[in-house]
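Line order of the protein sequences matches chains W and V.
So for the first sequence, the numbering used here puts the first residue at 1; every next one is plus one.
So for the second sequence, the numbering used here puts the first residue at 1; every next one is plus one.
Hints are computed from structural coordinates only; laboratory data are not their basis.
There's no promise every hint is true.
If chains are identical, the list can't say which one is meant, so a pair holds when it fits in one copy or spans any two.
Claimed, not checked - Here are the simulated SDA-like cross-link-like pairs (lysine to any residue), alpha carbons at most 20 Å apart as the crow flies:
no.	residue 1	residue 2
1	K53	D245
2	K42	T381
3	K179	Q355
4	K314	Y158
5	K347	H159
6	K183	N117
7	K147	R44
8	K201	N271
9	K314	S338
10	K147	N117
11	K329	I141
12	K321	R160
13	K357	D170
14	K147	I231
15	K357	V134
16	K386	Q91
17	K138	K357
18	K357	I31
Letter by letter, the chains look like this.
Protein chains: 2
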Amino acid sequence: MYRVTNSIKIQNIVEFSFTFTFKKYNFSVNIQIPTLLLDENKCRQNIHFMTDKASRNKINFRPHFKTHQSAEIGSWFKDSGVSGITVSSVQMATYFAKAGWDDILIAFPVNILEISNINKLAQNINLHLLLESVESTKFLIANLKFKTGVYLKIDTGYHRTGLLPENDKDILKILSLVKNSSKLKLTGVLTHAGHAYDAQKKEEILSIHYNSINQLLKVKKMASEYFPNCILSIGDTPTSSLADDFEGVDEIRPGNFVFYDIMQYYLGICNYDQIAVALACPVVAKQRSRNEIVIYGGAVHLSKESIYNAKEHKIYGLIVKLQNGNWDKPLPGTYISSLSQEHGIIKTTEEIFEQIKIGETIGVLPVHSCLTANLMINYTTKLNRKISKFRFNS
Amino acid sequence: MYRVTNSIKIQNIVEFSFTFTFKKYNFSVNIQIPTLLLDENKCRQNIHFMTDKASRNKINFRPHFKTHQSAEIGSWFKDSGVSGITVSSVQMATYFAKAGWDDILIAFPVNILEISNINKLAQNINLHLLLESVESTKFLIANLKFKTGVYLKIDTGYHRTGLLPENDKDILKILSLVKNSSKLKLTGVLTHAGHAYDAQKKEEILSIHYNSINQLLKVKKMASEYFPNCILSIGDTPTSSLADDFEGVDEIRPGNFVFYDIMQYYLGICNYDQIAVALACPVVAKQRSRNEIVIYGGAVHLSKESIYNAKEHKIYGLIVKLQNGNWDKPLPGTYISSLSQEHGIIKTTEEIFEQIKIGETIGVLPVHSCLTANLMINYTTKLNRKISKFRFNS
Numbered sequence: 001m002y003r004v005t006n007s008i009k010i011q012n013i014v015e016f017s018f019t020f021t022f023k024k025y026n027f028s029v030n031i032q033i034p035t036l037l038l039d040e041n042k043c044r045q046n047i048h049f050m051t052d053k054a055s056r057n058k059i060n061f062r063p064h065f066k067t068h069q070s071a072e073i074g075s076w077f078k079d080s081g082v083s084g085i086t087v088s089s090v091q092m093a094t095y096f097a098k099a100g101w102d103d104i105l106i107a108f109p110v111n112i113l114e115i116s117n118i119n120k121l122a123q124n125i126n127l128h129l130l131l132e133s134v135e136s137t138k139f140l141i142a143n144l145k146f147k148t149g150v151y152l153k154i155d156t157g158y159h160r161t162g163l164l165p166e167n168d169k170d171i172l173k174i175l176s177l178v179k180n181s182s183k184l185k186l187t188g189v190l191t192h193a194g195h196a197y198d199a200q201k202k203e204e205i206l207s208i209h210y211n212s213i214n215q216l217l218k219v220k221k222m223a224s225e226y227f228p229n230c231i232l233s234i235g236d237t238p239t240s241s242l243a244d245d246f247e248g249v250d251e252i253r254p255g256n257f258v259f260y261d262i263m264q265y266y267l268g269i270c271n272y273d274q275i276a277v278a279l280a281c282p283v284v285a286k287q288r289s290r291n292e293i294v295i296y297g298g299a300v301h302l303s304k305e306s307i308y309n310a311k312e313h314k315i316y317g318l319i320v321k322l323q324n325g326n327w328d329k330p331l332p333g334t335y336i337s338s339l340s341q342e343h344g345i346i347k348t349t350e351e352i353f354e355q356i357k358i359g360e361t362i363g364v365l366p367v368h369s370c371l372t373a374n375l376m377i378n379y380t381t382k383l384n385r386k387i388s389k390f391r392f393n394s
Numbered sequence: 001m002y003r004v005t006n007s008i009k010i011q012n013i014v015e016f017s018f019t020f021t022f023k024k025y026n027f028s029v030n031i032q033i034p035t036l037l038l039d040e041n042k043c044r045q046n047i048h049f050m051t052d053k054a055s056r057n058k059i060n061f062r063p064h065f066k067t068h069q070s071a072e073i074g075s076w077f078k079d080s081g082v083s084g085i086t087v088s089s090v091q092m093a094t095y096f097a098k099a100g101w102d103d104i105l106i107a108f109p110v111n112i113l114e115i116s117n118i119n120k121l122a123q124n125i126n127l128h129l130l131l132e133s134v135e136s137t138k139f140l141i142a143n144l145k146f147k148t149g150v151y152l153k154i155d156t157g158y159h160r161t162g163l164l165p166e167n168d169k170d171i172l173k174i175l176s177l178v179k180n181s182s183k184l185k186l187t188g189v190l191t192h193a194g195h196a197y198d199a200q201k202k203e204e205i206l207s208i209h210y211n212s213i214n215q216l217l218k219v220k221k222m223a224s225e226y227f228p229n230c231i232l233s234i235g236d237t238p239t240s241s242l243a244d245d246f247e248g249v250d251e252i253r254p255g256n257f258v259f260y261d262i263m264q265y266y267l268g269i270c271n272y273d274q275i276a277v278a279l280a281c282p283v284v285a286k287q288r289s290r291n292e293i294v295i296y297g298g299a300v301h302l303s304k305e306s307i308y309n310a311k312e313h314k315i316y317g318l319i320v321k322l323q324n325g326n327w328d329k330p331l332p333g334t335y336i337s338s339l340s341q342e343h344g345i346i347k348t349t350e351e352i353f354e355q356i357k358i359g360e361t362i363g364v365l366p367v368h369s370c371l372t373a374n375l376m377i378n379y380t381t382k383l384n385r386k387i388s389k390f391r392f393n394s
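Hey, can you work out the whole structure from these sequences and the hints?
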């Protein structure tokens, strides 16, 4: 454990910070650098919330693991009865297959350059891929060596990827190719209603939910002619969190809800006390003339994802005080106003400015927890346990 | 080497792609996933350009290594006669100290929670820290175990960190504390004119350059009363690249110039052919109705740094064709218009849309090369050699 000599005033502050950290609240995390704290209870409650909702609605729950990217956090889903998962890359699928998952959907347009690793996965697990073009379908039919499940990816309004539901020609062409292939088997029709993130009101999010289902039902009807067991799969945290009616839906695939974040809070999807991660950051400087506090915690820890708050300020995170590994509501009038590579600049009130000292550690609730989690090498729990995770290309 | 069966039309395209990659141009990099290509010649030319400029102006060159974060690329600077460097964290300083650098400035407000590792560095190398508060100065005096150099950090207009030049009270207080300390020794006065990035014209960047120097000269005069050998240090890529007059300057510390990027290009600081890195990305889908191309290459590879182009489109990167490990000018009317976690969406013209095929690999010139490099685990040269780099907390 780190010790300082208590000889001058600034040291008292540091001692206080450590007393605060180690003794009074028995919070044993020795934080020296930006550290991603995970509140395991909140995280497990989030998992329970969604598992329970899927169970009550009698729909399959295939959570997206791109948010946490961790075998251990994945195991908490297994504890809740989850058996199939969603990931966003071949590498991530390989990581979770090694962790024991044997039913994995790669919810990303097939990267045909990775066919060798796709075949390795298809040999060992129940793999599902997305189809959205005749070209990639033909490639898979010619190059897959093992039976593989496929979902038709439909664009219900997000306009990022997928076949438009009215594109009967390509949909039928792909269905026909799949039907005549000995390698491919249609698992279902699927969408990601990412445009729900642009909604201004809850009603708008619910409207996107029902609208997406209706568009998918039309495609499912076409697909069912060829594949009677074809399912309908939707998935995003806003609609899955808010909706109570899943009529027509067979499967949901939300991911972000495992941690939630400020973006979801601003959308009205979660409360502050459901946000399960906070980046602990050392305070390194203060600028009294501007009521600004400088933290060690920048774009390489949080990502440059931003959002506008109610006062139209662009923000990169909200600030919480850390106590006993817990955090309460964000501090009022206080937010990260800019990020450099390693610096975070916090704008705050005069009162809060006086309370926060150099050498303290404060928490940042991220705007987009998926990107913050991706940047950090591991999670730290209240008991200072490190939870490891996948890292791209390492 | 990866092989495909040439049985159907789409396969011809893939075969072409590989022929293109492996044979015709003898480019031996087997790219399957987002891969950060480094053009070693361009990078070495960029290093030479800045080393030569410093040498001609008889000023010390202490390059910032936070952009490349690589021991090997660092060694190319050593080849050019550089002996002292700048980094942005204690961990990064430790990485480069292990690589043999023994004169390192950590250009970040002192994180007093890392005093133990700061002492380890101070014991072994000629370490320099930034001072910008009386509190941190007192802490260092009480807790440093070895002689350490310090720079006074002055805010000449960026308003991120540093003492305002008119803050004589704190400047004199810190100078007096340093003077009376047996541990601290003033190396110089320093600024980072980050506001040069907000400039609209070259003249404005040069005006920031001269203005910063003038403000620092005033502080240097005060500091020289205590420390006659005190130097004046400035550093950022825009001013260091453009300026030819360094009267009054003793040291420059630019970093980004080692790779440059689209942000620097839009500022008028570099040409396209000076940009030394490109992210190679597989093409995974196409959307004909929108002239959009989807690549495997998203926020977790490029970062969410964006910039507005001349037509006021928010862009996340420009697109180049890869040939023989080289790339030419960006494709006209073509840019990344949005990024998800793993997806990049490219808007392009009808003509270019037809040329680019699923299964091809295209290059992305990043908006901010520091953040893209930070996200990637290594660099790949034209000869498929991997150049490793520092990673935070690993």
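Now the hints, each set against the structure:
In this homomeric assembly, K53 and D245 come within 20 Å of each other (Cα to Cα) only inside a single copy, at 10 Å, whereas the closest approach across copies is 67 Å. Only within a single protomer do K42 and T381 lie at most 20 Å apart by alpha-carbon distance; the minimum there is 11 Å, versus 45 Å between protomers. Taking identical chains as interchangeable, the C-alpha atoms of K179 and Q355 are never at most 20 Å apart, the minima being 67 Å within one chain and 30 Å between chains. Taking identical chains as interchangeable, the C-alpha atoms of K314 and Y158 lie at most 20 Å apart only when they sit on different chains, with a minimum of 18 Å there against 24 Å within one chain.
Taking the closest pair of Cα atoms, K347 and H159 come within 20 Å of each other only across two copies (12 Å); inside a single copy the shortest separation is 36 Å, beyond that limit. For a Cα distance limit of 20 Å, the shortest separation of K183 from N117 inside one copy, 16 Å, qualifies, whereas the shortest one across copies, 56 Å, does not. Proximity of K147 and R44 under a CA criterion of 20 Å is satisfied in neither setting, with 34 Å inside one chain copy and 49 Å between copies. Taking identical chains as interchangeable, the C-alpha atoms of K201 and N271 lie at most 20 Å apart only when both belong to the same chain, with a minimum of 15 Å there against 45 Å between chains.
With identical chains, the CA atoms of K314 and S338 are at most 20 Å apart both within one copy (8 Å) and between copies (18 Å). In this assembly of identical chains, the alpha carbons of K147 and N117 lie at most 20 Å apart only when taken from the same copy (14 Å versus 54 Å across copies). Taking the shortest Cα distances, K329 and I141 never come within 20 Å of each other, neither inside one copy (53 Å) nor across copies (37 Å). Taking the shortest Cα distances, K321 and R160 never come within 20 Å of each other, neither inside one copy (38 Å) nor across copies (22 Å).
Proximity of K357 to D170 under the C-alpha cut-off of 20 Å is restricted to the inter-copy arrangement: shortest distance 17 Å between copies versus 61 Å within a copy. Proximity of K147 and I231 under a CA criterion of 20 Å is satisfied intra-copy only: 18 Å inside one chain copy versus 69 Å between copies. In the homo-oligomer, the alpha carbons of K357 and V134 lie at most 20 Å apart only across protomers (13 Å), although the nearest pairing inside one protomer, at 60 Å, exceeds that limit. In this assembly of identical chains, the alpha carbons of K386 and Q91 lie at most 20 Å apart only when taken from different copies (19 Å versus 22 Å within one copy).
Taking CA atoms no more than 20 Å apart as the test, K138 paired with K357 passes between copies only; the shortest distance there is 14 Å, against 62 Å inside one copy. Taking CA atoms no more than 20 Å apart as the test, K357 paired with I31 passes inside one copy only; the shortest distance there is 15 Å, against 48 Å between copies.
The structure is inconsistent with the numbered hints 3, 7, 11, 12, although it conforms to all the rest.
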